[in-house]
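Undergrad: All chains should be built: construct the whole structure from the sequences, respecting the hints.
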Amino acid sequence: MATTAPKAGAFPSPYEIETPPGCEGWEEMYPYYALFDERRRETDEKRFWFWNSMHFPVPMPAFDVVCIDSPYQAVGSWQNRVFAVPPAMGIDYRCVNGYIYISGNPVTDPAKIAERAEFFQKRAGYYFQNWSELYGKWRAKMEALIRELGELEVPDLPEYEPDEVAFGEDRNTAFYELLTAYGRALRLGDLMWQHHFEFLLLGYGAYGTFAEFCKSNLPDIPDQHIAQMVAGIDVLLFRPDAELRRLARLAIGSGVDSAFVQGRTPQEIDAELSQTDAGRAWLEELEKVKDPWFNMATGDGLYHYYRSWLDDPSIPYASLIGHISALQGGEQIERPTEELARERERLADEYGALLDEQSRAPFNDLLALSRTVFPYVEEHKFFCDYWFLTRWWNKIREFGALLARHGFLEDGEDVFQLSRYEVASALDELVLTWATGGVPLGPKHWPPIAARRKELLAKLNEWTPPPALGVTPEAVTDPMTIMLWGVTTERVHEWARQQEGGSVLAGAAASPGVVEGAARVVKSVDQIGDVRDGEILVCGSTSPAWAPIFSKIKATVTDVGGVMSHAAIVCREYGLPAVVGTGRATAAIRTGQTIKVNGSDGTVTLLDGQGSS
Amino acid sequence: MTAYTRPLHGLSRSDEPRFGGKSANLGELLTAEIPVPPGFAISTAAFAAFVHDSELEDRIASALTHVSAGDIDAIARASHAISEAMRFAPVPEAVRAEIAEQYAGLGKDSPPVAVRSSAVGEDSQDATFAGQQETYLWVRGIEHVCDAVRDCWVSLYSPPAISYRLRLGDSGAEPAMGVTVQLMVDADVSGVMFTCNPVSGDPSMVAINASWGLGLAVVGGEVTPDDYLVSKVTREVVREHVHTKDVQYVPDVGGSGAVRLAVPEEQREVRCLDQPALERLVDVAKRVERYFGSPQDIEWALARGGEQELFVVQARPVTAVAKKQPAAKPESAMSLIMSTFGAGPPKGD
Numbered sequence: 066m067a068t069t070a071p072k073a074g075a076f077p078s079p080y081e082i083e084t085p086p087g088c089e090g091w092e093e094m095y096p097y098y099a100l101f102d103e104r105r106r107e108t109d110e111k112r113f114w115f116w117n118s119m120h121f122p123v124p125m126p127a128f129d130v131v132c133i134d135s136p137y138q139a140v141g142s143w144q145n146r147v148f149a150v151p152p153a154m155g156i157d158y159r160c161v162n163g164y165i166y167i168s169g170n171p172v173t174d175p176a177k178i179a180e181r182a183e184f185f186q187k188r189a190g191y192y193f194q195n196w197s198e199l200y201g202k203w204r205a206k207m208e209a210l211i212r213e214l215g216e217l218e219v220p221d222l223p224e225y226e227p228d229e230v231a232f233g234e235d236r237n238t239a240f241y242e243l244l245t246a247y248g249r250a251l252r253l254g255d256l257m258w259q260h261h262f263e264f265l266l267l268g269y270g271a272y273g274t275f276a277e278f279c280k281s282n283l284p285d286i287p288d289q290h291i292a293q294m295v296a297g298i299d300v301l302l303f304r305p306d307a308e309l310r311r312l313a314r315l316a317i318g319s320g321v322d323s324a325f326v327q328g329r330t331p332q333e334i335d336a337e338l339s340q341t342d343a344g345r346a347w348l349e350e351l352e353k354v355k356d357p358w359f360n361m362a363t364g365d366g367l368y369h370y371y372r373s374w375l376d377d378p379s380i381p382y383a384s385l386i387g388h389i390s391a392l393q394g395g396e397q398i399e400r401p402t403e404e405l406a407r408e409r410e411r412l413a414d415e416y417g418a419l420l421d422e423q424s425r426a427p428f429n430d431l432l433a434l435s436r437t438v439f440p441y442v443e444e445h446k447f448f449c450d451y452w453f454l455t456r457w458w459n460k461i462r463e464f465g466a467l468l469a470r471h472g473f474l475e476d477g478e479d480v481f482q483l484s485r486y487e488v489a490s491a492l493d494e495l496v497l498t499w500a501t502g503g504v505p506l507g508p509k510h511w512p513p514i515a516a517r518r519k520e521l522l523a524k525l526n527e528w529t530p531p532p533a534l535g536v537t538p539e540a541v542t543d544p545m546t547i548m549l550w551g552v553t554t555e556r557v558h559e560w561a562r563q564q565e566g567g568s569v570l571a572g573a574a575a576s577p578g579v580v581e582g583a584a585r586v587v588k589s590v591d592q593i594g595d596v597r598d599g600e601i602l603v604c605g606s607t608s609p610a611w612a613p614i615f616s617k618i619k620a621t622v623t624d625v626g627g628v629m630s631h632a633a634i635v636c637r638e639y640g641l642p643a644v645v646g647t648g649r650a651t652a653a654i655r656t657g658q659t660i661k662v663n664g665s666d667g668t669v670t671l672l673d674g675q676g677s678s
Numbered sequence: 016m017t018a019y020t021r022p023l024h025g026l027s028r029s030d031e032p033r034f035g036g037k038s039a040n041l042g043e044l045l046t047a048e049i050p051v052p053p054g055f056a057i058s059t060a061a062f063a064a065f066v067h068d069s070e071l072e073d074r075i076a077s078a079l080t081h082v083s084a085g086d087i088d089a090i091a092r093a094s095h096a097i098s099e100a101m102r103f104a105p106v107p108e109a110v111r112a113e114i115a116e117q118y119a120g121l122g123k124d125s126p127p128v129a130v131r132s133s134a135v136g137e138d139s140q141d142a143t144f145a146g147q148q149e150t151y152l153w154v155r156g157i158e159h160v161c162d163a164v165r166d167c168w169v170s171l172y173s174p175p176a177i178s179y180r181l182r183l184g185d186s187g188a189e190p191a192m193g194v195t196v197q198l199m200v201d202a203d204v205s206g207v208m209f210t211c212n213p214v215s216g217d218p219s220m221v222a223i224n225a226s227w228g229l230g231l232a233v234v235g236g237e238v239t240p241d242d243y244l245v246s247k248v249t250r251e252v253v254r255e256h257v258h259t260k261d262v263q264y265v266p267d268v269g270g271s272g273a274v275r276l277a278v279p280e281e282q283r284e285v286r287c288l289d290q291p292a293l294e295r296l297v298d299v300a301k302r303v304e305r306y307f308g309s310p311q312d313i314e315w316a317l318a319r320g321g322e323q324e325l326f327v328v329q330a331r332p333v334t335a336v337a338k339k340q341p342a343a344k345p346e347s348a349m350s351l352i353m354s355t356f357g358a359g360p361p362k363g364d
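Those protein sequences? They're chains A and B, same order as listed. The first sequence begins at 66 in our numbering and counts up by one. The second sequence begins at 16 in our numbering and counts up by one.
Treat the hints as calculated values from the structure; they're not laboratory data. Each hint should be verified, as a subset may be incorrect.
[Said to hold, decoys possible] Footprint (simulated), chain A over chain B, 3 or more residues, beta carbon under 8 Å:
#1 211–222
#2 229–242
[To be verified] Each computed SDA-like pair below joins lysine to any residue, with the alpha-carbon atoms no more than 20 Å apart:
#3 B/Lys123 - B/Pro53
#4 A/Lys661 - B/Glu255
#5 A/Lys661 - B/Val257
#6 B/Lys123 - B/Glu255
#7 B/Lys247 - A/Lys661
#8 A/Lys280 - A/Arg372
#9 B/Lys247 - A/Ala418
#10 B/Lys301 - A/Asp285
#11 A/Lys353 - A/Tyr370
[Unchecked claim] Short, incomplete list of chain A residues facing chain B, as computed with Cβ under 8 Å:
#12 Pro151
#13 Pro152
#14 Thr274
#15 Ile286
#16 Pro287
#17 Glu404
#18 Ala406
#19 Leu412
#20 Tyr416
#21 Pro544
#22 Asn663
#23 Asp666
#24 Gly667
#25 Thr668
Computed from a prediction, not measured in an experiment: that's the story for all the values here. Using N, Cα and C, we set each Cβ at its ideal position, and we do this for glycine too.
TA: Here it is in structure tokens:
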């Protein structure tokens with residue numbers, strides 16, 4: 066983050082943030098290096114930190130910190146050590162009251178920047194030139210990784226080792242196998258994050274360059290037109306819902322649609338279906354769809370409680386019920402893919418024709434390259450954040466279940482209240498006492514820790530983090546901060562102004578239209594059931610897996626995200642106004658408050674002071 | 016016959032030296048099948064005949080003798096003297112006869128027309144300085160039409176027009192001017208539009224200003240018009256500002272001319288263009304721009320009555336557009352991507 070003539074004052078110092086009452090000792094959940102430590106106050110206090118509410122909207126459970134460390138290890142490796150993005154190294158993070166603040170590390174020495182530029186041009190150039198081939202290999206690599214994760218066994222600790230251990234060639238005892246499995250599980254996670262970021266910077270960069278090019282030559286072009294020209298029509302991420310639509314048609318075609326009644330649980334629906342031949346046939350078809358298409362997550366995947374559709378079928382079933390009742394009502398539920406494809410080409414042709422001759426070639430080349438990289442930009446979420454990660458959390462749950470069986474935890478799910486090192490430590494003691502026959506201390510040690518931390522997280526969840534900490538930068542120049550988080554100079558200055566109050570929030574105009582209505586503030590995915598028809602969704606950010614709620618709401622406002630964020634994409638699909646990247650909508654707006662969302666100019670107006678927190 | 020007048024239909028760019036830019040442009044628009052109210056053009060020869068027949072040359076020349084560019088009082092005196100002389104000179108009979116015939120061709124019962132000066136040999140920005148922007152609206156009857164034509168001619172000797180020509184080093188003796196006479200649209204809503212955003216320079220936008228009544232209120236800057244920015248590509252409104260429009264010009268019911276009225280209270284804050292109207296305007300804007308091959312500044316009107324028929328009453332090249340600094344040399348896609356990552360020359364904006 067480049068800061069010339071830094072300005073203090075607007076945002077609080079990270080060292081002045083108070084611990085909410087009853088949350089004393091929250092620091093124990095996080096690694097020492099994640100804290101604003103007095104020993105580095107000198108440097109940390111002078112930096113600009115912004116709350117990464119896009120990825121971490123709620124306080125981090127201790128285990129989930131792995132989903133900060135690994136991604137930032139991986140993204141920094143590619144950005145700083147492989148591609149050597151000239152002016153920006155990686156991202157530092159710090160934790161305050163359980164919330165994650167981040168800050169980029171700039172390269173300021175011109176000689177160093179020039180040196181890095183040589184690496185970057187050569188290496189990034191290679192990726193851009195061979196994109197499709199490299200991406201094909203990437204997909205194969207990810208599928209293999211997901212397979213390996215599935216095959217990773219979490220061994221139990223037997224009373225007696227089986228004969229193979231005594232007589233076989235490959236003789237490992239369970240203590241070694243269990244520790245190895247845990248270590249391997251962690252490494253597989255690291256590997257996924259490494260793959261996750263291999264293409265991400267370059268993909269976003271190509272798209273971002275196209276978007277910038279459009280805005281500089283066509284200053285008033287709506288952001289959604291830029292996205293429409295690039296976005297794929299028949300992309301992987303739409304497949305899960307496309308399969309649900311197909312299943313909805315099948316249900317009607319085979320006369321089993323009467324089972325899909327609003328308010329029924331998936332189990333109740335399955336039970337009714339399994340009574341008839343047609344119903345059983347439909348269930349068989351559903352089974353075929355599940356792998357891989359039910360590996361969608363119910364959230365963006367960075368928290369352990371974002372499960373997959375396989376784990377929580379209520380979300381796909383809610384979609385099925387919606388699709389079926391729409392079909393019964395004679396509605397058209399297909400995405401008009403041909404029409405979308407034609408419109409995409411028409412926009413590209415017309416905008417291209419409006420440009421002067423000198424600009425037309427770079428426009429066409431940038432558009433073509435953006436379209437080449439876009440499958441990765443859209444699809445990596447499915448492979449990494451959804452498919453892999455939901456299965457990976459389940460693998461960790463297996464270790465949690467083992468610890469629970471041995472009394473180290475009250476509930477297997479409590480494994481996520483321990484850090485990954487603490488889990489390693491608990492497993493160490495477990496295999497030690499299993500081996501020695503001694504009495505473990507773990508059952509007395511870990512359950513109270515897990516219980517305390519659950520309470521801490523619940524209390525920290527009530528706290529509202531400021532959008533940024535530290536020194537307000539004169540200008541945001543870090544290309545990664547701008548590209549990945551949409552945190553621009555204007556955005557930061559808007560946040561700073563808002564720190565002093567005000568009833569208009571500004572963000573990016575992500576999907577056009579103006580509506581007024583009651584706000585529903587949703588801080589995490591498990592609250593989406595509270596959303597009522599006709600409300601305006603106000604949240605940190607969304608993922609495509611929130612799909613069912615978009616048919617209920619009439620607009621979306623998010624804290625973080627750009628015009629390529631999921632909220633933006635889905636709202637355009639549904640024709641709902643959306644303002645994204647307001648920085649503090651979930652803090653400034655209360656459920657029930659009347660707000661006006663202007664998705665055309667990117668503003669949200671708070672119309673009354675009412676609402677409940 | 017038709018030495019002095021021609022129907023607008025059939026005029027082209029090449030007629031500009033004889034009929035002036037406005038008439039020539041309207042002829043081009045009609046050729047492009049843009050809806051333009053019918054009318055006729057009066058040539059520069061008509062003005063020359065007027066000066067010649069009433070023997071005004073010497074009086075003009077002598078009034079301008081010893082007048083220098085900076086001498087404001089002298090210019091005012093000369094302007095007054097010439098204007099007085101012109102105002103009492105008759106429109107030559109041959110010219111008058113042609114005007115009468117063309118006028119009769121526009122409709123029965125003395126149809127209302129707009130009479131405007133049509134400048135020659137100067138681009139529109141210069142014409143503004145030259146005072147050749149006279150417009151007389153809702154003119155009815157051959158007498159009033161001839162008076163308005165003469166008033167346009169007189170405007171060539173307004174003080175700013177004289178001093179403009181003096182500054183150019185022109186003798187000031189023989190300026191030329193055409194006049195456009197066009198059937199009047201009783202506008203419900205009217206305004207101007209640019210086929211680009213003149214502020215940002217975005218060529219994919221049409222910037223539309225609109226207010227109630229005849230175009231005078233918008234063109235003369237007497238109201239803050241509604242302001243719409245509409246995409247040429249999708250015809251969606253990208254930005255709009257509806258302003259309070261408190262005055263409008265409407266035809267003088269009893270006779271000739273337009274009167275300035277207060278807009279009824281309940282209409283002032285109302286958005287004066289709906290989506291279908293905006294779409295029709297954008298479509299016409301695109302056609303006009305495509306025909307001329309450059310950004311256009313278009314005056315338009317929506318006729319009162321059920322259909323709100325759309326007319327273009329004037330089009331000219333946009334003169335002042337914000338232009339982004341052209342890149343020193345064309346940049347390739349890859350070099351642009353490199354500069355996104357700070358691995359190339361700094362971006363040229």
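Undergrad: Please go over all the hints and tell whether each is borne out by the structure.
TA: Evaluated hints:
1. With a cut-off of 8 Å between beta carbons, the segment 211–222 of chain B has 7 residues touching chain A; three or more are needed, and the interface restraint holds.
2. Check result for the segment 229–242 of chain B against chain A: violated, 0 residues qualifying (beta carbon to beta carbon below 8 Å, three or more required).
3. Under the criterion of a C-alpha separation no larger than 20 Å, the hint pairing lysine 123 of chain B with proline 53 of chain B is consistent with the structure, at around 14 Å.
4. Under the criterion of a C-alpha separation no larger than 20 Å, the hint pairing lysine 661 of chain A with glutamate 255 of chain B is consistent with the structure, at around 16 Å.
5. The hinted pair formed by lysine 661 of chain A and valine 257 of chain B meets the criterion: a straight-line CA distance of about 18 Å does not exceed 20 Å.
6. About 41 Å separates the Cα atoms of lysine 123 of chain B and glutamate 255 of chain B, which puts this hinted pair outside 20 Å; it is violated.
7. Under the criterion of a C-alpha separation no larger than 20 Å, the hint pairing lysine 247 of chain B with lysine 661 of chain A is inconsistent with the structure, at around 27 Å.
8. Distance hint between lysine 280 of chain A and arginine 372 of chain A is unfulfilled; the C-alpha atoms sit about 38 Å from each other, more than 20 Å.
9. For the hint pairing lysine 247 of chain B with alanine 418 of chain A, the CA-to-CA distance comes to about 12 Å; that is within 20 Å, so the pair holds.
10. For the given pair, lysine 301 of chain B sits about 17 Å from aspartate 285 of chain A by alpha-carbon distance, which is consistent with the 20 Å threshold.
11. Proposed proximity of lysine 353 of chain A and tyrosine 370 of chain A is contradicted: the alpha carbons are some 25 Å apart, above 20 Å.
12. Proximity of proline 151 of chain A to chain B holds as hinted, the smallest CB-CB distance being about 4 Å (cut-off 8 Å).
13. For proline 152 of chain A, the interface hint holds, the least distance from its beta-carbon to any beta-carbon of chain B being 4 Å, beneath 8 Å.
14. Contact between threonine 274 of chain A and chain B, as hinted, is supported at the beta carbon level, the nearest pair being about 4 Å apart and thus within 8 Å.
15. The beta carbon of isoleucine 286 of chain A is positioned within 8 Å of a beta carbon in chain B (closest approach about 6 Å), and the interface hint is therefore held.
16. Interface hint status for proline 287 of chain A: upheld, as the beta-carbon distance to the closest one in chain B is roughly 6 Å, under 8 Å.
17. Proximity of glutamate 404 of chain A to chain B is violated relative to the hint, the smallest CB-CB distance being about 14 Å (cut-off 8 Å).
18. For alanine 406 of chain A, the interface hint is violated, since its Cβ never comes within 8 Å of a Cβ in chain B; the closest pair sits about 16 Å apart.
19. Interface restraint check for leucine 412 of chain A: the shortest CB-CB distance to chain B comes to about 6 Å, inside 8 Å, so the restraint holds.
20. At about 6 Å, the closest approach between the beta carbon of tyrosine 416 of chain A and any beta carbon in chain B falls short of 8 Å, and the interface hint on this residue holds.
21. Below 8 Å, beta-carbon pairs count as interface contacts, and proline 544 of chain A has one with chain B at about 6 Å; its hint therefore holds.
22. Because the beta carbon of asparagine 663 of chain A sits about 10 Å from the nearest beta carbon in chain B, more than 8 Å, this interface hint is broken.
23. This hint holds: aspartate 666 of chain A has a C-beta 7 Å from the nearest C-beta of chain B, less than the 8 Å allowed.
24. For glycine 667 of chain A, the suggested interface contact is broken, since its CB lies about 11 Å from the closest CB of chain B, more than 8 Å.
25. Residue-level restraint check for threonine 668 of chain A is violated (minimum Cβ-Cβ distance to chain B is 12 Å; threshold 8 Å).
Violated hints, in rising order: 2, 6, 7, 8, 11, 17, 18, 22, 24, 25; the structure is consistent with all others.
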